[in-house]
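Using this note's numbering, the letters of the sequence shown correspond one by one to residues 542 to 1146.
No wet-lab data here; the hints were simulated from the structure.
A virtual CB, placed ideally from N, CA and C, is assigned to each residue, including glycine.
Treat the hints with care, as some may be off.
Label pairs and their computed distance ranges (CB to CB) [what the hints assert, rightly or not]:
hint, residue 1, residue 2, range
1, E724, L646, 49 to 59 angstroms
2, L677, R784, 45 to 55 angstroms
3, P987, L775, 43 to 53 angstroms
4, N977, E889, 24 to 34 angstroms
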Amino acid sequence: MDEKEKGFNLDLSDSFSSLSKESFIDSLSALSLEYGGSLWDLWVQMGCSSGSSGAYRVQVVHNCLEEKFKAMMQEEEGHRSALFKNIEEHYKKLYSLSKELGISLEEPPAALSIIFLEKDLRDKVENLLQKKKERLSQLTSYVKQDVKLGEMLAEEPYSITLHNIPSKEEELSLKKHVIYLTELKQERLSTFKAYKKSFADLLIKLDIEPANSFERAIFCETDESFLPLSEVRLCSVAKTIERLESQVQQNMRETERMRCRIRNVASKLELDEREISDFLHENPGFSSNELKALQFRLDELEVLKIEHMERFIVSSRKELREWWKKCFYNEKQQSLFSAFYSTIYSEELLTEHEEEIEKIRTYYYNNEFLFHMVEQRHALWEKKLELEKKAKDPNRFNCKSTKFLKEEKDRRRVEKDLPKIEKCLEDAMDDYRLENGIEFLIGGLPYLTYMEIQIKEHEDSIQREKVKKANAKKQLLIQESRYGSTPAKLNSTKRKAPNTSDNSVTKRYKSDVTRGTVNSTRSSTRSTLTRSTSTRCNSTRSNLSRRRNILQSSIVVGSSEFKMTLSSLGDKDPFLNPLAINANSTRQTEMVRKLGQNTNITDAP
């Protein structure tokens, strides 16, 4: 390229900054003038500028330029059509992507040219495609995790397709589902670890091996390989553990029963206790091997038991009495078991005794709470009676103050606790009656009735004591009214007069006083007793007869051991027996009469 061409290109490039249609035409005109003039000069120099040769060359130049412009026009028109097509496609893609991604479509600026509009739309499409790719990648990861966790946990995967990009709500739901399955996996793994540890411990306790492939899988496989970790399989593991735990409990009960049976049979056989203790110490557990060892030893003892049947039956009867005592059986209830009195010692008789013992033992342990409450109430009742007895002792104030304070403290405790436990017993007895349809018996009676009888007996005994004291006091008054009485001077603190140590003076003084008062006393006594004896005896006889008739109409209510009428009590007590009273009155009258006849009523000289 010569310097002229370089200058033209530079001028043209400089004019791009102010390019316009007029400048473009001017530049083409200048280019045509310049190159057309140069081409014409060449033709002139060659001598072919005129004539047909010149016309041909001019026509060729025109045709070449025209074809070139047409080609350029077609190319640019194609370029423009491609831009419009791309813009239309970009708009479609933008609309589709914005809809898939759930975003709003922004309109491009109106002042953009076609090329810049196409470029702007193309950039936006590429940006949305990148976002779509990222979201699809994330969704694919979530879906894979969801499917994997679903297979591991035997759970239904989240229903979603990757053909269309899900909405943000669906994506969030999928994410939450994956998080939920992840947490569920951890929870089930923790549960399975705990189950596996319990299962292994139970196998060790029972000293057994896994029985089937499922149990071997529980014991041998790792936590992650025990698949699927479904709810159903975990439930099966739990049921297996429950079955083994039930077997453990059954073995524990069975071994405990065998140990008790071995001790019982060995005790009845009077075997060496140390040997039995050593054997039981060697087999303290409840595994299958220990169960077999205990069963073997029990079978040996059972054989010995058959050989010593009578001793066993006697021992069983002793044990039965203890259970009867624990359950508060009376003689009537005990007599219902007729085999207790049989003298034909056989295995059938022993079996009957053992069944009866087992029945009463079961009854006791099923109602152990009630029996404990009855025993507590019985202890409080006995304590109450003991404290009441001590309260009647006149010498109790001579004891130490600490003992007296302890009695008062015990009395307050009994007064506080006894009503509470009686109320609890009433509620417990009502519950027992509603649950079993029968009354809870103590001593052959419903316990509430038993308590009422016991309280009534106590009240009646108090009344009897009051009546007895009243009768004794009344009889004392009768005797004093008949014979007179002088109050005893106990623990007299009267000081003796000084210089009274001479016994002879004291004796003379007493004899003088006695001689001076004997005659007057005798005369007054004879006259007083003569006048009042008949009246007082008749009054006393009528009062005591009336009182006896009243008391005979009342019967003391209580248990069969303490029931008796006051009429029988009167037969034993001379103060309540009218015949004895009449006899006493007759003897006393006769004594007064003789006293009046034999006494010489004269004054002393």
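Evaluation of the provided hints:
1. At about 39 angstroms, the beta-carbon gap between E724 and L646 misses the expected band of 49 to 59 angstroms.
2. About 50 angstroms separates the C-beta atoms of L677 and R784, a value consistent with the hinted range of 45 to 55 angstroms.
3. For the hinted restraint 43 to 53 angstroms between P987 and L775, the CB-CB distance of approximately 52 angstroms keeps it satisfied.
4. A C-beta distance of roughly 30 angstroms is found between N977 and E889, which places it inside the suggested range of 24 to 34 angstroms.
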